[in-house]
Amino acid sequence: MQFFGGSEISPSPPLPTASGNNGHMMYVFNRNGICLLYREWNRPLHTLNAQQDHKLMFGLLFSLKSLTAKMDPTSVDKGNLGVPQLPGQGCSFHSFRTNTYKLSFMESPSGIKIILVTHPRTGDLRESLKYIYNLYVEYVVKNPLYTPGTPIKCELFDSTLDQYVRGLG
Amino acid sequence: MIGVGKIKQYSNVLDKPLSKGKQEVSLSAFSFLFSELVQYNQTQVDNITELERRLEDAGYSVGARVLELLCHREKGNRRETRLLGILSFVHSTVWKVLFGKVADSLEKGTEHEDEYMISEKELLVNRFISIPKDMGTFNCGAFVAGIVRGVLDSAGFPAVVSAHFVPVEGQQRPRTTILIKFAEEVLRREARLG
Chain S
438 MQFFGGSEIS PSPPLPTASG NNGHMMYVFN RNGICLLYRE WNRPLHTLNA QQDHKLMFGL
498 LFSLKSLTAK MDPTSVDKGN LGVPQLPGQG CSFHSFRTNT YKLSFMESPS GIKIILVTHP
558 RTGDLRESLK YIYNLYVEYV VKNPLYTPGT PIKCELFDST LDQYVRGLG
Chain G
2 MIGVGKIKQY SNVLDKPLSK GKQEVSLSAF SFLFSELVQY NQTQVDNITE LERRLEDAGY
62 SVGARVLELL CHREKGNRRE TRLLGILSFV HSTVWKVLFG KVADSLEKGT EHEDEYMISE
122 KELLVNRFIS IPKDMGTFNC GAFVAGIVRG VLDSAGFPAV VSAHFVPVEG QQRPRTTILI
182 KFAEEVLRRE ARLG
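First to last, the protein sequences are chains S and G. Counting in the numbering used here, the first sequence runs from 438 upward without gaps. Counting in the numbering used here, the second sequence runs from 2 upward without gaps.
Isolated chain G (complex conformation):
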């Protein structure tokens, strides 16, 4: 019976199996941490666009790592090569792991070929945040836009991603839309693949 219940000690951290990790984190803890992230960046910049850019960059780092982790855990190291494939991966898998639910909707833009939109009634990061009037169109969802950009970029689909509020009639809080605009080369490659 010796060794039963004892955790195996690994000499090298690379030999440890990749754990599933904690599935849930306290929402309050995350809100305070995110709030501090925004406040810290606020002290370093002068204007709104710069603040949004910083939040996006913070999200980019998260996105790049999330892609690696999820490809290993969820998809068995398969690589997405098609546009719709990577979009549905972001819309379902990434959202499920990060926010606990799939995104509300995924739409193709009507005006331009290269635009896609992921919509959410209320982004988790924005749940406790009310934007004062003098900040105009600032959206803390820029962090989530950065995450999406990180995932797409690391997967080989360079894009410009931004977060926008879309007012919905009948509801006080506007919906949030993540607008994804793919680069030229992605569309050309997609057309070649047929």
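Next up, chain S with everything else stripped away, as it sits in the complex:
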């Protein structure tokens, strides 16, 4: 049964050449689906225009979240999907992996969703996503010149984020 063989059969992508260039793309959405931030460091394939890409990503995550919550075999009651939950509370998915990339996801109680796409051999990124959320709180939320609900244009946030993601992996 070679069909279900080991992981060496599927082609693995080239390992990141420079250490510290692990992050490919990053999205930040707010509760209403507005894309607050989109950064890409390494993305050769562009199939959709930016708007469609963001909508697709948001829709995908929304459906995945509700699917995973509904299919939970361990919880007794249905759980309320609209209620804000701390990351880790209730049932929420945190990553999926294909043979070419890994997508990690975190949602804060206020509805801010952070998505990070990296190399598939990356470990658990939940702590990193929490740190990125912390950066968001410090440099974006505390900035009086930023209107909540609009795309993020704070250079402090951009530069620290860039530095941090390049240092990941």
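Think of the hints as simulated: they come from the structure by calculation, not from any bench. Wrong hints could be hidden among the right ones.
Once the Cα atoms are required to be at most 25 Å apart in a straight line, the calculated PhoX-like pairs of lysine-lysine come out as [unchecked claim]:
(1) S:K579 to G:K102
(2) S:K492 to S:K567
(3) G:K122 to S:K590
(4) G:K109 to G:K122
If you anchor each label on the Cβ, the simulated ranges turn out as follows [unchecked claim]:
(5) G:E123 to S:S547: 21 to 31 Å
(6) S:D490 to G:R66: 52 to 62 Å
(7) S:A487 to G:K21: 35 to 45 Å
Cβ coordinates follow ideal geometry from the N, Cα and C atoms, glycine included.
Here the structure of chain S is known, so what remains is to put chain G in place on it, guided by the hints.
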């Protein structure tokens, strides 16, 4: 043993001893409060200069009161009469009480006799703030400039104080300089005092 541990009740608030107060306040709490101050003023004005002026006025009130309090607490009610005296008071004592550290540097301006500059690598109030490109030279440090102006004015050294970003090569974030330009009468008085 009656009365041990009981706080003495004062009938008149003026009889209470002036407390040292809490030495530290949460940085997050202050950042949110300051952010709201800036946002509130933003809704009331149309342009940047007006916004800076409002922040300065807010700082002026703080400065006037800070001078009274610090003169009583730290300096034993001594009054500064010399220019360098009041400048080093602002640079060390006021900065230490407000921001927890002394200011980075105090310099005399080279072009004009009446200009002095207090520099700081990063003002505490500006720590979480990034100015968008369309706001040009707006600096939330105008609040701190107002505090300095309040202190100097109440001490009898009228001056025009402003906050500027000074780009530093090799560093991404520009340094902030508080520029103090004293009024004519201050310089004349200083010259008379010798």
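Are any of the numbered hints broken by this structure? If so, which, sorted upward? 7
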